[in-house]
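Protein sequences appear in the order of chains A and B. Sequential numbering from 1 applies to the first sequence in the numbering used here. Sequential numbering from 1001 applies to the second sequence in the numbering used here.
Treat the hints with caution; some may be incorrect.
[As the list claims (entries may be wrong)] In silico EDC-like cross-links for lysine to aspartate or glutamate, where the CA-CA straight-line distance does not exceed 20 Å:
hint	chain 1	residue 1	chain 2	residue 2
1	B	K1158	B	E1168
2	B	K1020	A	D81
3	A	K86	A	D63
4	B	K1039	A	E16
5	A	K86	B	D1064
6	A	K55	B	E1019
7	A	K72	A	D140
8	B	K1129	B	D1105
9	B	K1162	B	E1120
10	A	K55	B	E1024
11	A	K86	B	E1065
12	A	K86	B	E1024
13	A	K8	B	D1105
14	B	K1020	B	E1120
15	A	K86	B	E1019
16	B	K1079	B	D1105
Rather than coming from a laboratory, the hints here were simulated on the basis of the structure. Since this is a predicted model, take the numbers as computed values, not measurements.
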Amino acid sequence: MHTLFCTKYVFNSLSEAGYGVGLRAIELLSFREKGCRKERSIIQMLNFVRTTVWKSLFGRPADDLQISNAKKNEYYIYDNDPVTCKYISNSNAARCAAYTAGIINGILDAAEFTCTVSSILNNNRMVFVIAFTSKVIARDSS
Amino acid sequence: MSLHTKMARLGDSTFSTMEKVNSELLAMTYGALVTTLIKDFQDVKVVNTELEKMGYNIGVRLIDEFLAKTGVTQCRNLKETAHSIAKIGFKMFLGINAEVTWGADARQFSIEFKGNPLIEFVELPEKFKNLDYSNLLCGVIRGALHMVQMVVTTELRKSELKGDPVSEIYVTLKQHLAEKFKGEDD
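Pulled out of the complex, with its shape left as it was, chain B reads as follows (with noise of 0.2 Å):
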């Protein structure tokens, strides 16, 4: 069986363990979020950054979840993390499929991915068209992997909002992190 379906497989069976929420009740409620960002900040680049940085917060804890519930070990190489967050991560923790496409070199790729949940009953206007709503997802992204001591950008390229057929979530891996212990006697 390749690795790749054992990660679906991986990712199915864990979704059908998670508590589950109302997905509902889940858009709404991180639409009354953006709503209230965009009513405190007016801006919506400052707007954009604010709810990549609450992700950010969110993918520090979220990565914990994962790991205990999956079981996962480490990953090799760049092509597994990937993998492992689009077959593993947005399954259980979205429901959704999500696929990953390589970039320009081995250090960048893509999640594409459709059936955003977080995007259900909305419709971006006009004077918002700027507005990545899903930035949230870049943050989680970004957070999880600095905890697993690889420094990320993250950019959301494309957005089913927007008028695109899927979302992208673009990963661009700019370091590894070397562990550092502090010295405890010398």
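Just chain A, same shape as in the assembly (with noise of 0.2 Å):
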């Protein structure tokens, strides 16, 4: 009866759980914080998830946005102090960011920029890969 006994089983969840907060995140935050304006550019909403969405959840600004210089598709975005990692003790502690991983892919998928975000600890950072499908990247080259 029990599903939740595989841990692959329980992050998946996790990103799943985000991706429902993020749908109706960004209805509230686009009423309260932006009048309702609608992004239409990659970098405008990536900036607008990394200062208002992150200021509103978190109380402030994630810490970098940067373009991977490899793939087109792909941007990272840093955060130093993820709240969801803070007081877990075991080694999965860096795995729980799939939570807010699951936000982000839901604030980004509610506002048609389709993609899959996953959450890699480096250097001690947090970082949330932001893969975007190719009909989103020619879109925003047009």
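Once you've looked at the hints, go ahead and assemble the two chains, each given alone in its own frame, into the complex.
Structure follows, in structure tokens:
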């Protein structure tokens, strides 16, 4: 009955849970913070996520936003101290950022910037890797 | 100054020094948690028990935080314990004011509160009308009191989600535990 004991399932569940929160968060934040304006370009949308969303959810803006050198559809958001990993003592702490990755995914998908988001710990900083689909990239460059 | 006013003041001052998180993020995270539990277990009764178990695990750790941040010393009787939970605990962790009312005998009391941040944005659909959404809080109280040698049972009697004007957690003291020390030499 309990399907919870497989760790991969746990972190996928976290991501899915975050996805639902992201869908609702963008509705709330667009209304409250932006006066219902729609972002048109990837960079504007990611800046919205990095500043407004992060500030409202976590109390401070995210630390950095970068575009990948190698892959043109990948962007990185850095967070030095993700709140979801704060009080967890075992080795799976970093993987709990899957929840925040899910939130970002929900927000971007709802804003029609379809993508996949994953979280990786790199040099003690949490990196959220956002890979947009080719349709979004093509739309953005036109 | 009466003890209750002192407790209320302590609750307020501790609340102002606590590190805060966005209450909407908390509400939505809790909602996502309950939704995932329902998806996994399907049965509302099982979900209620799981929420209470999770709350118990939170409570056994939260009591350390409570004692460290407030510096309250041992409560002399159940009345003080009840008021500590309602005036200090609820205020510092949830930011809401709670009231204590006494039950049928001196071992039972209920904590009534309004404005629970966990139920923000939530509506219970008809098929989940038996879901005790805030059951986590019942578990927290049970876990925290267990760590200070009191075995209690808790019950979510009224809930604002089910249409009641206030939410109510009913606490019954079952027994006090004696501290056991492992014999070192003999």
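We went through each hint and held it up to the structure:
Taking the CA atoms of B/K1158 and B/E1168, the gap is near 5 Å; set against the 20 Å cutoff, the hint holds. Using a Cα cut-off of 20 Å, the hinted pair B/K1020 and A/D81 holds, with the two alpha carbons roughly 15 Å apart. Taking the CA atoms of A/K86 and A/D63, the gap is about 17 Å. The hint holds against a cut of 20 Å. A distance of roughly 12 Å separates the Cα atoms of B/K1039 and A/E16; the hinted pair therefore holds under the 20 Å criterion.
For the hint linking A/K86 to B/D1064, the alpha-carbon distance of about 17 Å falls within 20 Å, and the restraint holds. Between A/K55 and B/E1019 the CA atoms are separated by roughly 15 Å; this keeps the pair inside 20 Å, and the hint holds. Distance hint between A/K72 and A/D140 is fulfilled; the C-alpha atoms sit about 12 Å from each other, no more than 20 Å. Proximity of B/K1129 to B/D1105 is assessed by CA-CA distance (about 30 Å); at most 20 Å being required, the pair is judged violated.
Straight-line distance between C-alpha atoms of B/K1162 and B/E1120 comes to about 14 Å, which keeps the hinted pair within the 20 Å bound. Only pairs whose Cα atoms come within 20 Å are accepted, and A/K55 paired with B/E1024 is accepted, the gap being roughly 13 Å. At most 20 Å may separate the alpha-carbon atoms for a hinted pair to count; A/K86 and B/E1065 meet this at roughly 15 Å. Between A/K86 and B/E1024, the direct Cα distance comes to roughly 19 Å. Compliance with the 20 Å bound is thereby established for this hinted pair.
Only pairs whose Cα atoms come within 20 Å are accepted, and A/K8 paired with B/D1105 is rejected, the gap being roughly 49 Å. Restraint check: the Cα-Cα separation between B/K1020 and B/E1120 comes to about 17 Å, which is no more than 20 Å; the hinted pair holds. Between A/K86 and B/E1019 the alpha-carbon distance is near 12 Å, which keeps this suggested pair within the 20 Å criterion. A threshold of 20 Å between alpha carbons decides the hint, and for B/K1079 with B/D1105 the separation of about 12 Å falls inside it, so the pair holds.
Violated hints for the displayed structure, listed by number in ascending order: 8 and 13.
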